[in-house]
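Visitor: Using the sequences and the hints, build the whole thing.
Residue numbers (the numbering used here), protein chains in the order written: chain W, 23 to 385; chain Y, 23 to 385; chain L, 23 to 385.
It should be emphasised that the hints constitute simulated quantities derived from the structure, not laboratory data. Just so you know, not all the hints are guaranteed correct.
Which copy? The list can't say, so a pair holds if one copy fits it or any two copies do.
Claimed, not checked - Mimicking EDC-like on lysine to aspartate or glutamate, the simulated pairs with C-alpha atoms at most 20 Å apart in a straight line are: (1) K359 to E221; (2) K74 to D87; (3) K218 to D228.
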Amino acid sequence: MPHTIHDIASALGLEAVGDTSIVIDGANEPADASATDIALAMKPEYAAGLAKGQARVAMLWEGADWQGLGLEAALFVGRSRYAMAGLSQIIDPGQHYPVGIHPSAYVDPTAELGEGVTVGPFAMVGPRARIGAGSVLGPQCFVGADVVLGEAAMIHSGARLMARVRAGDRLIVQPNAVIGGDGFAFVTPEVSGVEKARETLGDQGDVKSQSWTRIHTLGAVRLGHDVEVGSCSTIDSGTIRDTQIGDGTKIDNQVMIGHNCIIGNDCLLCGHVGLAGSVTVGNSVVLGGKTGVSDNTTIGDNVICGAATIVLSKIPAGRVMLGYPAMKMDQHLDTYKHLRRLPRLARQVAELQKAVSNEDTSD
Amino acid sequence: MPHTIHDIASALGLEAVGDTSIVIDGANEPADASATDIALAMKPEYAAGLAKGQARVAMLWEGADWQGLGLEAALFVGRSRYAMAGLSQIIDPGQHYPVGIHPSAYVDPTAELGEGVTVGPFAMVGPRARIGAGSVLGPQCFVGADVVLGEAAMIHSGARLMARVRAGDRLIVQPNAVIGGDGFAFVTPEVSGVEKARETLGDQGDVKSQSWTRIHTLGAVRLGHDVEVGSCSTIDSGTIRDTQIGDGTKIDNQVMIGHNCIIGNDCLLCGHVGLAGSVTVGNSVVLGGKTGVSDNTTIGDNVICGAATIVLSKIPAGRVMLGYPAMKMDQHLDTYKHLRRLPRLARQVAELQKAVSNEDTSD
Amino acid sequence: MPHTIHDIASALGLEAVGDTSIVIDGANEPADASATDIALAMKPEYAAGLAKGQARVAMLWEGADWQGLGLEAALFVGRSRYAMAGLSQIIDPGQHYPVGIHPSAYVDPTAELGEGVTVGPFAMVGPRARIGAGSVLGPQCFVGADVVLGEAAMIHSGARLMARVRAGDRLIVQPNAVIGGDGFAFVTPEVSGVEKARETLGDQGDVKSQSWTRIHTLGAVRLGHDVEVGSCSTIDSGTIRDTQIGDGTKIDNQVMIGHNCIIGNDCLLCGHVGLAGSVTVGNSVVLGGKTGVSDNTTIGDNVICGAATIVLSKIPAGRVMLGYPAMKMDQHLDTYKHLRRLPRLARQVAELQKAVSNEDTSD
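Guide: Here it is, written out as C-alpha cells:
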C-alpha cells in the first residue's frame, strides 16, 4: 500500500524534511532500495549504501545531512528500532489471505463470528466458539469448541486453538502453533522411581517396572490482550484450572509451556524456551533462547535469563541469570573464566603438593 | 456429562459418604468450584478454599471431617494424583469433534475404517490405511498410505501420520505432531570432516567443501499399545527397519526422536527431549525436559535423567543422571557446588603459592 | 517399484555378480529380508543374518564371498553409506500422495503451476505463487502469496510456506515445517532492562515495567537449491531483507532459525538447533543437535559444534567446538575431566593449607 512521507511522519510523530509528498510502498536497506522504497539508514555507517540504491527518501539519524546524501526527502528518528516498529506496521505487506468466510471453511452453526471476521480455506471453527470482530482465522487453522477470542485476532495457517481456549484482543498466533493441547501428566499406582529420586536427590530406591496412568486435562488456556505465540510453539491446557498467559507477553517459535503455568504480563520467551508444568513467571521477565525451567518453580518479576539458562530452583525478582544450573550472570562469567583455567590450577596444586612434601622430607 | 457421586465412587473404587445421589458435571479447585463441580481438596491445605466456592461435594484426603467442612457428600482418596487420573478420565470434557465421517474428509477408497471411526473435516486417509474400531481421526489430520492403527486411536487436529506408520491400541497423538517424517541422513562421497573430528575428538583434518547426498528413508515407525505423542513432537522413520516405541511410553511436546531409535516400554520423554539417530532406550526410563542423547547411544532400563541432561555416552541401567555432560546426579550436585566456589579456590591456591614461595626464599 | 540387479548396478556404478536379472522391490536388514528384498550386509559382521532371511541377493563389502554366503547375485560397495544413498533413492517407496491437482485443493487463479505439478487434498496455493515443474505440494500444505519454488519441490503434508518465500530447485519440506513466519522482534519505547544487562553483563539498572511494541516483518525467506527442512522446523522471515539459506544446506527437525540469519552452503543443522536473530553461518558448517547460537553471532566456514554447544560469541573458521559456553572440543574434554575431579582438588588444597599453616606455626 502506498503512503506519502507526510502521512508516515504524521502517523509516527517524526520530523520530515524535503518533498514530503513523495509516495513509497516499501522499505529496504539503502543499497537494495528501489525508487519507491524508503531506505533505512538510521546510523551513519549505513549511509554509504544510499549511493548504491535508488531511494529518493530515507529514514535517518537525527542531525544527518540529508541533502548531502543526495536525498529528496527524509525522516529523522531517535531510537531507531522503535521508529522501525511504527514504520513496519504501516507498510507490512501481510499474507494476502482470501478475505471473508471462504466457501470451503467449516464453521459450526452454533459458532458466533463478529463483524468482518475472515475464515480461510479449509479452516474449521467448532461449536459455540465466539470470535471477535475483525479477526482473521487463516487457511487450514483449527478453532475448537467454546473457544473465545477478542477483537482483531490473527490466527495463521495451520495453528490449532483447542477447546475452551480464551484470549483477549489482538492475539497473534503464528503458523502451526498449538494452544490447548492436553497436559503431560501421568501417575503410577504406587510411588514412582522419579518421585523417590527427587526426594533423595539421586536415589530412586528399588526400581520396579510400573505403567503410567493418564491424568486427563480438564482446564484450558487463558491468554490476555496483545499476546503473540510463535510458529510451532505449544501451550498446554491446565489440569484443573487454566494455564495463563498475561497481557502483552510475546512467545517466540518452538516454545513449550506446560500445563498449569502462570506467566505474567509483558514477558518475552525466546525460541526453544521450555517451561515444565506449574511454573510461575512474574511480569516483564525475559527468558533467552533455550532457557528451561523445571516444574513447580517460581521466577520473580523482571528476571532476565541469558541463552540456555537451566533453572532448577526459584529465582528472586530482578536477577540476571545464566548457565546450567542457573547462576547470577556476573558470578557465572567469573566462575567459567576459572573453569577454563582449571587444568592449570590442577597442575599448580600438584606442584604445591610436591613442594610442600619435599619440605616435609627435607625437614 | 453428569455423573452421580455414587457412580464415580464405584468406578474408581473409592469410599463415598453423604448424599451420593448428588450429580456433578465437572471438577474444580475448591474456591472456583460451582454447585455442579466436585471440589478437589485432597490435602488439608486446600480445604480453606471450600468456604469460598459453591461445591456441595469434594474429593478429600482420608480422615477429613467432611461434615465439618460443610459438604453434603465426599469421596476419600489415598494417593491423590492417582485418584485424579480416574476422576479426570470420567469427566474429561473432550474436544467435541464432529462425530462420524465428515463429508469434507478425503478417505481413499482402499482405506479400511473399523466400526464407529470418526474422520473429521478436511482430514485425509491414504490408500490401504486400516483404522481400528472406535478411533477418532480429528479435523485436518493426515493418515498416510498403509498406516495401520489399532482400536480407539485419538489423532488430534493437524497431526501427521506418514506412510506405513503402525501403532497398537489407544494411540493418542496431540495436535500438529508428526510421526514418520523422513530421517535426517546424509553422506559425503569421501570421509567428511565430522567423521574425522569424531575419531580424533576434535581434529577434522584438512577440511574441504563437500556436498551432502541424501539417504532416503525406507523404514517407518512402529508404536506399541497405549502410546501418547505430544503436540509438535516428531518421530522420524527408520532408514531400513522401523523406528520403534514400546507399549505405554508417553512422549511430551516438541520431542524429537531420530531415525532408527528403539524406545522401550513405559518410558516418559518430557518436553524438548531430543534423541539423535539410532539411540536405544530401555524400559521405564524417564528423560527430563530438554534431555539430549547423541546418536548410537544406549540408555539402560530405569534410568532417570534430570532436566537438560546431555548424554554423550552409554548409561548403565538404574542410574540417575544430570548435567552437561551427564554425570550421576549426586556427583553432579557435589561437583557444581565446588564449581561455584572455584574462584575462591583459585585465590587460595595463589596464596599457597605465595606462602610456599616465601618459605623457599626464606630458607 | 521393481528393479533388476543389473539396472541398480548400472545406476549406481557398482560391480554386480551372479544372476543380475533377479528383480527386487525393497531393501532390508539380512535377517528380515524377503525373497524380493536386497539384503544390506555391507560389513562382515552383518553377514551372519543372511542365513536367517530369505534374500537371494545382497549388497556386500568388497571382496566378500557371495557364493559362500549362499547368494544368487551380489553388488559390491566401497563406502557403504554412500552406496546406501544411491540404492535408497532408487527404491524409496514414497508417500503415495494422490497425483495431479486434487479437486478439493484451493489454487488461486493467479498462481502459476509448472508442468506435472501435484497439489494434494485441502492444499492451498496463494495468489501469484509460481511453482516449478514436477513439484509436489502435499495434502493440507500451504503455499502463500508470491511464493516462488523451483523445479521438483516436495512439500509434505501440513508444511507452511508463507508469503514471498523463494526457493531453488529440489526443495524438500517435511510435514508441519514453517518457512516464513514473522520474526520475533519487539522494542520498548525507552532502553530496556535487557539492553542494559547486555551492556553491563549482568546489571539491568533500575528495572521498570515496559510493554513491547512489535516490529513487523517486511522481508521473507530465500532458500538455495537442494535445501531440505525437517518436520516442525521454523525459519522466520527477515525484518527488512530476506533470511537466507544456501545451496545444499540440510535442516533437521524442530530447528529454529531466527529472522535475518544468513546460512551458507552445504551446512547440516541437526535436531533442536536454534539460531537467534541475525546469526551468520559460513559454508560446510555442522551444528550438532540442540546447538544454540545467540543473536548477531558469526560462525566461520567448516566449523563443527558437538551436541548442545551453546555459542555466545564468534567462532573462527575450521574450529571444532563443544560445551556451554562453547570451547574448543579438546579443551572442553580436558577441562571437564578436571571438573569431575574438582571436589578432590578442593580437598587437596584444604590439606595443603593445613600443612603450610602448620609449618608456619611450627617455625
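Visitor: With 20 Å as the alpha-carbon cut-off, assign the pair K359 and E221 to within, between, both or neither.
Guide: Only across copies: K359 and E221 sit 18 Å apart there, 33 Å inside one copy, limit 20 Å.
Visitor: Is it within, between, both or neither when you check K74 against D87 at 20 Å Cα-Cα?
Guide: Within one copy, since 17 Å is at most 20 Å while 67 Å is not.
Visitor: Please sort K218 with D228 into within, between, both or neither, judging by C-alpha distance up to 20 Å.
Guide: within (10 Å within a copy, 42 Å between copies)
The earlier numbered hints are all upheld by this structure, with none contradicted.
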